[in-house]
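K.L.:
If you want the building blocks of each chain, they are given just below.
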Amino acid sequence: MIKIVVCLKMVPGKLINAEAGGLIINPYDLFVLEKLAELKKSSDISVIGICMGGESARDGLIRSKALVCDDIYWLNDIKFAQADTIATTKTLTAAIKKYIPDADAVICGGHAIDGETGQVPAELSEKLGITYFSSVADIESFGNDSAVIVRRDERQEMTVRCRYPFLLSVDSFLTYASNLNVIALKRAQKWEYKIISAEELGIASTDCGASGSKTKVINSVNIIYKKESIEIGGSIKEKADHVKKLLQQ
Amino acid sequence: MDKRKIWVVCDAFDHVDSFTGQLISKAYQLSKESNGSVQAVFIGNASDDELKRCALYGADEVVYQQCETKDEKVWLDILSDIYSSIGADIIMFTNTDFSKTLSSLFASRFEVGLTADCIDICFEEENGFVFERAAMSDSVQARIICINSQCCTCTVKKNAFVETEINAPKELNIRKWEYTGSFIADPAYEIINSVKRVCENNTDLDNAKIVFGVGRGVKDRETFDMICQAGKKYNAVVVGTKCVVDDGLLPKKLQVGQSGCSIAPDLYIAFGISGANQHLVGIRNSRQIIAVNNNENAPIFNIADVKIVADVKEFMKEFAE
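Chains as they are written, first to last, in my numbering: chain H, 1264 to 1512; chain L, 381 to 701.
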């Protein structure tokens, strides 16, 4: 059985739908879950979700469980809050090393739509000491000692066979899970989600959350300077002619 | 006190291109603010003459390691070797996919602070180096510092800074690094099949003099097509805001803003763009901005030189004449 860890992040739903409240599964992570659900039908894999987040992550975890996850580790402790990418990486590393040390593959969405840094996957691969594959567009199959993936950048598309263990950063996304069914969802709601605290994980508070972070937002400013603009009045035709004139200069 | 070491990590395979020039120019400015010296760290393959061009932008020294392989892990080991030996206070990387991976691996290995896709950097006595990037959910920029970190690292967005040649370039010292580790990339994979992608869009956005921007205010295909036609006529590249790209009207590479590219054309015309901060950070270096929007209070007008209150569709009908 091939053991696959999926890193999950819950992000504000309003980033996808202005009316949506609460948190949803990051669309890049959702693509991974959906893909694994598809592959699970034909290959012998077990999928373990790992997520750092508070109580508001529960709904997304239920969906992840219903979609494909056999097991979920929920790193839920106020001490993990406000982590930057370094502190997040250390926390995820500690959890993977403690609970899933024999993982064959670790898969992350390429970036989260709320932070948009895309740094955690590479950072995590370095801390875990496993091979890193970025720009993954698709996952084709899982074999006994390797998996076949598709990597895509601006210049080329490559189908690659990679040996376990490795970490993938996936650049495809989905906003809607079509493999989700009601019965699985009901079952997932009744499942008991293991909540893991910093103490249980055995990570020092100086290694996680705000105290373990190496960056800090000091304040926010507006660096877009207001300009004095000239308003062009008149008819639509006069306005259009003015712009044409500027373009000819 | 020793001078602060300001590093710019450069890809010698790219030569001293405009992006490299932008980073060194910013590093030079920071060196004056912070009493520092600028070191351009090159990995790859480039001639001495090529490397000496860094002096034009204000580099004090080039550290050069010849390396025929372009592999993130190999470069990480080389960079770690140089860093462990001479140290740095701040390290700037470009934000190409390769550099983003390299910087993340480096930050993780040394557990130092890393800020992604900066649009500005400054030095303050009180805070040290401060990095700015758009805060996602707000219409403001977050100012970020490194804490408990031996050095500060960041990736920088292309065209966030202006490439500037200095008045009196100094004679540049090229320090050839002699890395003794392995240059062989770990063959943990095997390529089964490789297909070159046909580039659907060869537009040179970096060097475009005129750029037309399309926002959510462009509500139908007809208006969009009129803008594209006018773009052809005036030799302008047509780009879009995040929502226009998400809607599939334009490819991702033509998205302008914090999560897309930054541009600096002579003239930017914003059609139906309200002016979310997300987008504004990408166009703020444009020399002249004309904005066409039907909402006279749209924030885009705050940074426009020329304000035109009009319905985009009506405007385009006249403009495309």
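Read the hints as simulated data drawn from the structure, not as lab findings. Think of the CB as a built atom: it goes at the ideal place given N, C-alpha and C, for glycine as much as any other residue. Just so you know, not all the hints are guaranteed correct.
[To be verified] Restricting the straight-line Cα-Cα distance to at most 27 Å, the calculated cross-link-like pairs of lysine-lysine (DSSO-like) are:
(1) L/K412 - H/K1479
(2) H/K1298 - H/K1508
(3) H/K1490 - L/K383
(4) L/K622 - H/K1277
(5) H/K1361 - H/K1390
(6) H/K1298 - L/K622
(7) L/K589 - H/K1490
(8) H/K1298 - L/K412
(9) L/K576 - L/K633
[Said to hold, decoys possible] Going by beta-carbon spacing under 10 Å, a handful of chain H positions derived as facing chain L:
(10) K1361
(11) Y1362
(12) D1365
(13) T1380
(14) V1411
(15) Y1488
(16) K1490
(17) I1499
K.L.:
Regarding the pair L/K576 and L/K633, is the alpha-carbon distance no greater than 27 Å?
P.N.:
The given pair, whose Cα atoms are some 17 Å apart, holds under the 27 Å limit.
K.L.:
Classify the hint on H/I1499 as holds or violated, based on whether any CB of chain L lies nearer than 10 Å to its CB.
P.N.:
holds (5 Å)
K.L.:
For a C-alpha distance cap of 27 Å, please report whether L/K589 and H/K1490 respect it.
P.N.:
holds (21 Å)
K.L.:
Taking 10 Å as the limit, does the beta-carbon of H/D1365 come near enough to a beta-carbon in chain L?
P.N.:
With a closest approach of 18 Å, the H/D1365 hint is violated.
K.L.:
May I ask you to test the interface hint for H/T1380 with respect to chain L, counting a Cβ-Cβ separation under 10 Å as satisfied?
P.N.:
holds (4 Å)
K.L.:
Given a cut of 10 Å on the nearest C-beta pair, is the interface hint for H/Y1488 held or broken against chain L?
P.N.:
Check passed: Cβ of H/Y1488 comes within 7 Å of chain L, closer than 10 Å.
K.L.:
Given the hint that L/K412 pairs with H/K1479, does the C-alpha gap stay at or below 27 Å?
P.N.:
The hint holds at about 25 Å.
K.L.:
Answer holds if the nearest beta-carbon of chain L is closer than 10 Å to that of H/Y1362; otherwise answer violated.
P.N.:
Violated - the Cβ of H/Y1362 stays beyond 10 Å from chain L, reaching only about 20 Å at its closest.
K.L.:
Tell me if the straight-line CA distance from H/K1490 to L/K383 falls inside 27 Å.
P.N.:
This hinted pair is violated, its Cα atoms lying about 38 Å apart.
K.L.:
Go through the hint on H/K1490 and say holds or violated, using the shortest Cβ distance to chain L against 10 Å.
P.N.:
Where the cut-off is 10 Å and the nearest Cβ of chain L is about 5 Å from H/K1490, the hint holds.
K.L.:
Hey, does the H/K1361 contact hint survive, CB to chain L under 10 Å?
P.N.:
Result: violated, 19 Å to nearest chain L Cβ.
K.L.:
Is the hint on H/V1411 kept, meaning its closest Cβ partner in chain L is under 10 Å away?
P.N.:
Holds, because the Cβ-Cβ distance from H/V1411 to chain L comes to roughly 7 Å (cut-off 10 Å).
The earlier numbered hints that this structure contradicts are 2, 3, 8, 10, 11, 12.
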